[in-house]
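Trainee: One letter stands for each residue in the lines below.
Protein chains: 2
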Amino acid sequence: MKTIYMDNNATTRVAPEVLETMLPFLTDLYGNPSSAYSFGGRVARNIRESREQASALLGASPEEIIFTSCGSESDNTAIMSALNTGKDKAHIVTTRVEHPAVKVLCNELVKRGCRVTEVPVDRKGELDMDRYKESLTSDTAIVSIMWANNETGVIFPVEEAAQLARSRGILFHTDAVQAVGKIPIDLQQSAIDMLSISGHKLHAPKGIGVLYVRKGTKFSPFLIGGHQERGRRGGTENTASIIGLGKACELAADRMDEENTRVKSLRDRLERELLNRIPHSRVNGGGAPRLPNTTNISFEFVEGEAILLRMDEFGICASSGSACTSGSLQPSHVLRAMGVPFTMAHGSVRLSLSVYNTDEEVDEVIDKLPPIIEKLRAFSPFWKPEGQACASGT
Amino acid sequence: MKTIYMDNNATTRVAPEVLETMLPFLTDLYGNPSSAYSFGGRVARNIRESREQASALLGASPEEIIFTSCGSESDNTAIMSALNTGKDKAHIVTTRVEHPAVKVLCNELVKRGCRVTEVPVDRKGELDMDRYKESLTSDTAIVSIMWANNETGVIFPVEEAAQLARSRGILFHTDAVQAVGKIPIDLQQSAIDMLSISGHKLHAPKGIGVLYVRKGTKFSPFLIGGHQERGRRGGTENTASIIGLGKACELAADRMDEENTRVKSLRDRLERELLNRIPHSRVNGGGAPRLPNTTNISFEFVEGEAILLRMDEFGICASSGSACTSGSLQPSHVLRAMGVPFTMAHGSVRLSLSVYNTDEEVDEVIDKLPPIIEKLRAFSPFWKPEGQACASGT
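So the protein lines, in turn, are chains A and B.
In terms of my numbering, the first sequence opens at residue -9 and continues consecutively.
In terms of my numbering, the second sequence opens at residue -9 and continues consecutively.
Just so you know, the hints here were simulated from the structure itself, not pulled from any lab data.
Bear in mind that the values here come from a model prediction, so they are computed numbers and not experimental data.
Take these hints with a grain of salt, some might be off.
Since the list can't tell identical chains apart, any single copy or any two copies may satisfy a pair.
[Unchecked claim] DSS-like, lysine-lysine: derived pairs with alpha carbons at most 27 Å apart: (1) K123 - K358; (2) K101 - K77; (3) K254 - K114; (4) K(-8) - K254; (5) K208 - K123; (6) K101 - K79.
So that you can see chain A by itself, here it is in the shape it has in the complex (with noise of 0.2 Å):
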């Protein structure tokens, strides 16, 4: 069976072109980028050449870019940095809607002794910047907010709030793992101090990330050993996942394009389409500016979870809004701060597309999943066929 892969904000399948320039080091030139010799030296080129390719799709300069392990890495490494260079700062700002990387981070920091304002969203998602503005203090080491996110697709005004806390001089850092690929992003033109990426999200291999971190900003390393990425952070570089990222930033940069014309109106088709034919569904965000590949849609009376299971029985791939992957019957958090009712968390659905989806695959997911839904519903004691809910929860 054909796997139809719609779970690109989970992560992407490597590029062919990707791996194809990885493979070179991970046979002949597995060399020490560190080393004296040229056998060394040369890695260590491809390595800067790499770190060039990563900065032009950020509009940054090549010795603002650290390699790190991944997009949870950078997110640690901006906030710790931030709380270990502004000694007695301890009040960190962030939203309800984070990804784990900096929201379990910032629960962790308060039972060290932080503090941290999470900013609340509204119905559609999006970010309210009353409470966003009265959030910031003389006391604030960082705010860190999310680009895009990684549920909905609702982009932030990032630089807006950016430019805030500029004001304010307080560091600037926001994960922006969902949208570097998707939407343009020129930080020689901006306030944003700290960026983090995510290898694995743009077609590069897991286990690679980028802490993008402007020139002048003061920096304290979180992972500490050896000098390597000046110092900023320790460890033999990976070589491999760093050319095949440089490779993917190269790749992104090119798709751009694609990404907001072609994978758009697939997304805007499936959406559409999915919305049409099963009563009682909306998409979550659907009022805000969102990513072009992503769609979250709320079926009311069924379960996430088992959507899931039965269109994996038709090889598609998605993931459902709730936590479930951890053990928990929670719904997620990002819907739950948007004020979604707990009937309609409870049955969300995120597809995400990329560049190698296809009219095809969304033909089938339009065909699989309006008859899934269908038959859920009439097992659900809440259901009745009229489509009128008896109860309706929040």
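Start from chain A and add chain B according to the hints.
Mentor: Below, chain B alone, put in the same frame as chain A:
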């Protein structure tokens, strides 16, 4: 020109068998192992297998294995975890000859209010066990002592040291990145609580490591985020490299005999012949128990860097004991801790072999290195042709 690679303590060739197991995960099997669908579940099963392979090499249980991004991350994680879980304790015991991932981190922790004791070594590079015992206090949060030294190959009695720590109720961590795969390790009958592995030191790719954490050990995550690694290390699993590391661990177990017979005899012949042919040379750590693959030789009155450059012209890859790659002209902290005279420490070269080295390569180095030293000495102001030193600093 053929490369003669004798810098395996810096990094190693990825074993072709390892790359072969990785490739499916860099092409078709790109699913996120945390996903609900079977496309991800299959990957999760392969990761479980890899965890079993890694634990088998150590005599550990699979649930005691945490995959990290490198040996340095493993070291940082172990030490920071001990400080976070042993809250009032702020003393660390380590040695003067540790890797930067421990040494530089400890320097940083001193700035943050910790107290660090660096146990000295003697002229043979062996640990001063009396000083070690004296250093353990009721305030000691953790002992971190490397199993085998990266520069000299000298093996420390970590088991004895771990038992002493345990008898005082102190956590014991060992950076075993150079030891794993070269000497047998059985953690089942051990007092070691945590142990670091680096993939790229044993023919897995760069960018993957393991932290072993004994069941029941109090643990606090270093990289905080999602629920991966049972909540002990956030970040999407580096699938392909994890799979590769598992295979590399399996291979290492199979090749341990060869390391200790064929590779050891290559190293012994190389060392013997170089000492025979080059006057005023000596093996650093030669009198101590050592890894079978490593030799560190000082050639008096020459600069290690100059030797490496000349060797590079013949395609021979080795490293100097000095920390030149970090831009410092200071000789190695390891050799200085051993009391190696300044003129000797500056002229040291480390040759580290692997199962991929051959008799012919050893012949080539035995042939090429003596004339290199001779020529370099001819330029040295301290060298007299009859071999008499006119000055020998400390």
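Trainee: All hints, please: hold or fail.
Mentor: Consistency of the hints with the structure:
For the homomeric pair K123 and K358, neither the shortest alpha-carbon distance inside one copy (45 Å) nor that between copies (69 Å) is at most 27 Å. Proximity of K101 to K77 under the C-alpha cut-off of 27 Å is found in both arrangements, the shortest distances being 17 Å within a copy and 12 Å between copies. In this assembly of identical chains, the alpha carbons of K254 and K114 lie at most 27 Å apart only when taken from the same copy (19 Å versus 67 Å across copies). In this assembly of identical chains, the alpha carbons of K(-8) and K254 lie at most 27 Å apart only when taken from the same copy (23 Å versus 51 Å across copies).
Taking the shortest Cα distances, K208 and K123 sit within 27 Å of each other inside one copy (23 Å), while across copies they are farther apart (40 Å). For the identical chains of this complex, K101 and K79 are neighbours both inside a copy (16 Å) and across copies (18 Å), given an alpha-carbon limit of 27 Å.
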